[in-house]
Amino acid sequence: MEIRLSSVFLAAALLSGCGWFHRGEKPPTQVAAEEPQGEPSIVEPQVNRRVVKTPKIKAKDFELGGYFGALSIQDFGTNPVYGVRAAYHVSEDIFVEGFLGRSRAGTSSLEDVFPNITVVSDTGRRFTYYDLDVGYNVLPGEIFLGRGRAFNSALYVTVGMGDVKFADKDQFALNFGMGERLLITDWLAMHLDVRDHVFETALTGRTKNVHNIEATLGLTVFY
Amino acid sequence: MRRLLALLLLQAFGVGLVHAKEQLIEVVVAEPYLEMHSGPGRGFPVVYVVGRDEIVTVLYSRTDWFKVRAPRGQEGWARRSDLALTKLTSGEPAPIPPYPDFATHRWELGAGYGVFNHQNLVTAWGDFGLTDSLDVELVLQQALGTIDNRYIASLGMRHTFIPEWRWFSPTAGLGTGYQYIDDKVPPKPLQTGNQLAYVSLGARGFITRRFMWRADWRKYVVFTNRNQNEEPEEWKFGLAVFF
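Residue numbers (the numbering used here), protein chains in the order written: chain A, 1404 to 1626; chain B, 59 to 301.
Here chain A stands alone, though its shape is the one from the complex:
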């Protein structure tokens, strides 16, 4: 009996000690225990429930970066193009992507032959576009560099639409693309892309669909 009593007291002392160590935390909520009348409670538990906070696993599904390359504007020569891109990877196969790019057209062959003719004004030579695409990783795999190095990669196709502003006019454009993503590390990727922006225009006399093919090299970061 005595041993039991002393162990109860020891437990009480320990618990109150624990309470002392946890004094910086929120005070324990008082639980009004219903004690049977006449029997005083021996131990009042004052132990706080430990709050275990499990850290969240960071999802790195977004990709953001820029690109640079050459854009062949139909009838207006090939010119440098640059832009920014952002993607969200929905699954290991599907991703959605947005592009914002800019280039500047050269002169058409008509303007080269007859220098007095102006097909497009100087401000109208600016070629800007945005695209909203859906992409599919067709051929995922690894690329080997020598014996000891392998980079994850994927060949993908994209299809989408957007707006091309050229000759001071906004046109609805469809775009079809194909590209290779090479992951230098798990968070840094290099892209090689070929994309065609197709839209209807009557700039050179008759209404036709023009194909503006661009080849770009890009760098993106996963975060």
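Calculated directly from the structure, the hints in this document are not laboratory data.
Wrong hints could be hidden among the right ones.
Each computed SDA-like pair below joins lysine to any residue, with the alpha-carbon atoms no more than 20 Å apart [to be verified]:
#: 1; chain 1: A; residue 1: K1463; chain 2: B; residue 2: L167
#: 2; chain 1: A; residue 1: K1461; chain 2: B; residue 2: A142
#: 3; chain 1: A; residue 1: K1611; chain 2: B; residue 2: T204
These numbers were taken from a predicted model, which means no experiment stands behind them.
Mind docking chain B on chain A? Use the hints.
Positioned in the frame of chain A, the structure of chain B alone reads:
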């Protein structure tokens, strides 16, 4: 002095490391083994295997794959379904976040194609679910026509009739917005900016994981300062990601 500085640096670095380590989840392999692939995809080869009762650190995720570090420092990608079978060091199941539930998802981001008054339309939207069946939608769109180019921003409420129907669920909406007209061909429009209101009917459905489709028909009333209001129609179809 230099030694003190080195010590301080070491301390700071050490603290940083400890701090970085505290942020990551450690899980114990409960199955006979856990396979680690060389890349986040089903075809990448298995490059390392962690045995039962060994602890792996989960670094981050990409789509359905989790980058993990084995006890001896080897890193690789583990499949979501495999990692979900591991346990925390306390014995609880590993907190691998489940897919967002389609019927009760909160956020949605999407884009698509449509036709506004016989003009090509590029549309993008953001959607916040107040309840399972009532959403607030913000839609930004550009209608590219031969005569003009319109930018339309609208804000409205949408009701999903039977949100628990996964593959096809009808919707109806109501809202207001503003359009800005950028003319391509003269003459210039009398008003370049108008307020508008709309009613919509549509449908939505689940495709896979966090991917969905949405189709919408809208009837607008564009308020003009002329005697008659414009009443253009629009339909659109798009794909969205939900969170």
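Notebook entry, point to check: Any hints this thing doesn't respect? Which numbers, in order?
Noted result: The structure conflicts with no hint, since it agrees with every one listed earlier.
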